Amino acid sequence: SQTIHQWPATLVQPVGSPLSLECTVEGTSNPNLYWYRQAAGRGLQLLFYSVGIGQISSEVPQNLSASRPQDRQFILSSKKLLLSDSGFYLCAWGGQYSGNTIYFGEGSWLTVV
Amino acid sequence: GENVEQHPSTLSVQEGDSAVIKCTYSDSASNYFPWYKQELGKGPQLIIDIRSNVGEKKDQRIAVTLNKTAKHFSLHITETQPEDSAVYFCAASRIPPQGTYKYIFGTGTRLKVLA
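First to last, the sequence lines map onto chains P and E. In this text, residue positions in the first sequence follow this note's numbering: the first is 1, and each later residue adds one. In this text, residue positions in the second sequence follow this note's numbering: the first is 114, and each later residue adds one.
Do not take every clue at face value.
[To be verified] Dumping the calculated EDC-like pairs for lysine to aspartate or glutamate here, alpha-carbon to alpha-carbon at most 20 Å:
hint	chain 1	residue 1	chain 2	residue 2
1	E	K225	E	E192
2	E	K155	P	D71
3	E	K150	E	D172
4	E	K155	P	E59
5	E	K150	P	D85
6	E	K181	E	E128
7	E	K155	P	D85
No lab work stands behind these hints, which were simulated from the structure alone. All values derive from a computational prediction rather than experimental measurement.
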């Protein structure tokens, strides 16, 4: 069966510091990968999605970036965090082997102070 | 761009009553509509989905209906229980060959089931 892992689960970072959130999927190949952000009590905002290695589509202009160095690895980064980057970040996978739906990881809580 | 509107934002029902959550989508080419349940501090979990070639789908106490002409779909929960309390999200997507698995989510509905 397929599983998705993302880490760290919780982090507190000062303004201006870098960020790296990592997500990996097991049990499938060539998945579509997604990063969503959820502000406190709000909906799910699509940040990036990727249909293959090195292929990244950005949905919202921001100071975040994403990379996909391996087939089942998706990384969300920032060089300098802003207060507004605080939120709950969710990685997800989907595609032809997921029955066309997407499945989420457990999320990473980011607080920028 | 594509948009999904979801109503209501909060919903309180008595245990045993029914709950209905409605979503409207803008992209007429959308052909897949999943619903997710999110408990506090966790990632959303798929609870039911429907494709554009089907008007209704049911799974025990949960059902989803789709009106392609009006571009809206609804989640129905019957005989609600306290464990149904959570935030529910609808989503719309174009799955291949018409699309690229890009999912647009509604803004969520916080459902409270009162014992």
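Right, here's what the structure says about each hint:
A distance of roughly 13 Å separates the Cα atoms of K225 (chain E) and E192 (chain E); the hinted pair therefore holds under the 20 Å criterion. A threshold of 20 Å between alpha carbons decides the hint, and for K155 (chain E) with D71 (chain P) the separation of about 25 Å lies outside it, so the pair is violated. Only pairs whose Cα atoms come within 20 Å are accepted, and K150 (chain E) paired with D172 (chain E) is accepted, the gap being roughly 14 Å. Between K155 (chain E) and E59 (chain P), the direct Cα distance comes to roughly 23 Å. Violation of the 20 Å bound is thereby established for this hinted pair.
As the CA atoms of K150 (chain E) and D85 (chain P) are separated by approximately 24 Å, the hinted pair breaks the 20 Å bound. Only pairs whose Cα atoms come within 20 Å are accepted, and K181 (chain E) paired with E128 (chain E) is rejected, the gap being roughly 31 Å. Distance hint between K155 (chain E) and D85 (chain P) is fulfilled; the C-alpha atoms sit about 19 Å from each other, no more than 20 Å.
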